[in-house]
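Q: Here is how the chains run, residue by residue.
Protein chains: 2
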Amino acid sequence: MKTITLAHGSGGQAMQQLIASLFMEAFANPWLAEQEDAARLPLAELTACGDKLAFSTDSYVIDPLFFPGGNIGHLAICGTANDVAVGGAIPRWMSCGFILEEGLDFALLEQIVHSMAHTAREAGITIVTGDTKVVPRGAADKVFINTAGMGAIVRGLNWGASQISDGDVIIASGTLGDHGATILNLREQLGLEGDLRSDCAVLAPMIASLHPIAGVKALRDATRGGVNAVLHEFADASGCGMEISEAQLPVKPVVRGVCELLGLDPLNFANEGKLVIVASRAAAPEVLNALHQHPLGKDAAIIGDVTARTGVRVTGLYGVKRSLDLPHAEPLPRIC
Amino acid sequence: MKTITLAHGSGGQAMQQLIASLFMEAFANPWLAEQEDAARLPLAELTACGDKLAFSTDSYVIDPLFFPGGNIGHLAICGTANDVAVGGAIPRWMSCGFILEEGLDFALLEQIVHSMAHTAREAGITIVTGDTKVVPRGAADKVFINTAGMGAIVRGLNWGASQISDGDVIIASGTLGDHGATILNLREQLGLEGDLRSDCAVLAPMIASLHPIAGVKALRDATRGGVNAVLHEFADASGCGMEISEAQLPVKPVVRGVCELLGLDPLNFANEGKLVIVASRAAAPEVLNALHQHPLGKDAAIIGDVTARTGVRVTGLYGVKRSLDLPHAEPLPRIC
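First to last, the sequence lines map onto chains Z and D.
Under UniProt numbering, the first residue of the first sequence carries the number 1, and numbering increases by one thereafter.
Under UniProt numbering, the first residue of the second sequence carries the number 1, and numbering increases by one thereafter.
Careful, some of the hints might be misleading.
Straight-line Cα separation of at most 30 Å, DSS-like style, residue types lysine-lysine; simulated pairs [to be verified]:
(1) D:Lys142 to Z:Lys2
(2) D:Lys142 to Z:Lys142
(3) D:Lys2 to Z:Lys142
Calculated from the structure, these hints are not laboratory results.
Generate coordinates for the entire structure from the input sequences, incorporating the hints supplied.
A: Shown next as structure tokens:
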């Protein structure tokens with residue numbers, strides 16, 4: 001079995017060969033091909049779209065590396081692309097930093113890299129610069145990936161949590177908790193099967209269909225901390241309250257099953273392909289209609305309201321309203 | 001002792017508190033304060049300077065975390081800032097992703113973060129977006145940091161290895177191998193003392209003094225792989241040969257000592273604050289003069305010539321010319 005050695009990260013010939021034979025080939029583009037220390041990118045591509053740049057980063061440490069619906073490489077493109085896109089930007093350029101453990105199966109790295117390249121290409125994102133470090137066996141767990149992404153915010157859009165006001169509605173773009181439940185099932189060996197699959201996807205095309213809608217106020221993708229964390233962020237930033245209704249939450253039966261089995265709440269589960277959107281009440285039908293026309297948004301639903309009364313609350317299935325606290329910690333480490 | 005727990009990376013309250021009490025405070029700036037998924041940055045700040053964006057990333061996995069002359073946080077700013085600056089850009093915005101090991105001493109993280117904040121501030125760089133992951137004990141070694149940085153390339157500059165031509169001269173901006181020798185001394189417990197100290201520094205201000213000089217062709221900071229790796233990159237990209245002279249290499253006696261002790265070549269040692277510059281012969285005196293006026297460039301020297309004959313060669317102390325091969329691997333893992 002061909003494996004990653006310390007030499008692959010050392011700045012010598014072995015590293016040059018790894019870069020040339022794997023990364024340059026998979027991510028092939030003229031900026032990367034220049035092999036300068038920094039990519040040189042035409043700012044005009046950004047200014048043609050808008051006056052503001054969205055810039056975001058995430059490191060990915062998910063365990064296991066491969067899971068139903070994706071892998072760490074796919075996730076590293078989707079997650080950062082979505083963070084850029086929820087600000088109203090078109091994700092365009094990305095950097096990529098690998099931390100590899102000595103002894104990693106080379107074939108595994110190839111699969112991950114090809115998956116990244118494929119996902120990026122499909123989404124119109126170019127990986128223009130990168131870095132590879134190798135650490136001795138035991139100093140990291142197989143593969144960690146960092147991506148940093150950027151794109152111009154579409155001219156005229158001013159989405160942000162501070163735009164949210166009393167009377168707005170809260171929309172989820174699809175079923176909640178799929179990613180978290182899938183990883184939990186794998187890691188805890190719950191042995192559930194069927195429809196359990198990460199929702200990991202680039203949401204930028206679906207988000208682009210919301211650009212023309214005037215009443216859209218703010219978007220977040222509900223990753224670590226789930227919908228609950230997003231609602232608390234929205235509440236903090238807007239000074240408004242958030243009230244959602246349990247009966248309206250789109251949750252797959254199998255995800256409900258995982259939650260019941262473990263006494264957990266799908267609102268706290270990570271998603272990797274779901275938006276929480278706040279829009280004016282008047283714009284809500286148009287937002288839902290736009291989402292429903294997209295395969296990733298077919299289960300979109302209004303899940304609650306923005307209120308003048310502060311706090312985050314949920315109305316349970318029997319009509320009892322309770323406060324929804326942000327837990328101290330999520331159920332699972334290395335979820336993304 | 002207060003330590004990092006898995007909860008600090010989980011998306012819940014503990015993570016919010018870590019972000020608010022440490023990162024937001026140390027890196028304080030309006031873009032970070034917005035706490036959106038992506039920072040929203042004014043493109044006009046870039047276009048005022050030039051039409052091209054330089055974008056680069058590096059992950060830092062150095063062991064030990066603290067060393068004479070710096071620490072992993074300081075290095076994470078310097079290294080990425082330098083990669084942006086060698087392309088002729090003014091480093092402006094940076095992202096920062098932490099991967100922390102459960103059990104990490106909180107005070108250590110604080111020191112690292114404050115050092116990053118200080119180094120960035122001094123260099124006019126703003127850390128506008130970030131991410132924190134915590135992995136269980138044993139899944140990473142203490143702290144890994146990724147930074148991605150960007151800045152506009154100063155209008156009119158077209159530095160790059162492809163500009164290099166026969167007859168140009170090769171300049172080193174100061175003593176070689178200081179960083180590599182310092183880490184080697186620490187890690188191998190050679191017990192050498194005295195002047196052994198990493199050269200880790202932001203080179204952007206010194207590089208800016210080269211912007212007005214017409215004959216500057218290409219710059220690289222000689223990190224992993226050392227000056228040797230840079231010479232090979234220049235040779236490959238330009239189609240020219242690179243000939244340097246051992247007698248002209250600025251190397252501190254203590255670094256020579258480490259090299260002699262271990263039979264290693266300072267040309268292969270990592271630097272974190274040294275440039276290899278190629279300039280036209282006519283421009284060389286002006287380049288040297290500009291470098292000498294800067295504290296980080298006081299030992300700058302011409303170290304060789306660009307030749308029509310391809311290959312990388314070094315003339316030894318006794319006048320014998322030999323081929324300088326790029327080694328398969330560097331002497332030391334986790335050097336940066």
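Q: Taking the hints in turn, state whether each one holds.
A: Here is what the structure says about each hint:
1. D:Lys142 to Z:Lys2: Answer holds: Lys142 (chain D) to Lys2 (chain Z) is near 28 Å, not above 30 Å.
2. D:Lys142 to Z:Lys142: 16 Å, holds
3. D:Lys2 to Z:Lys142: OK: Lys2 (chain D) and Lys142 (chain Z) at ~28 Å, within 30 Å.
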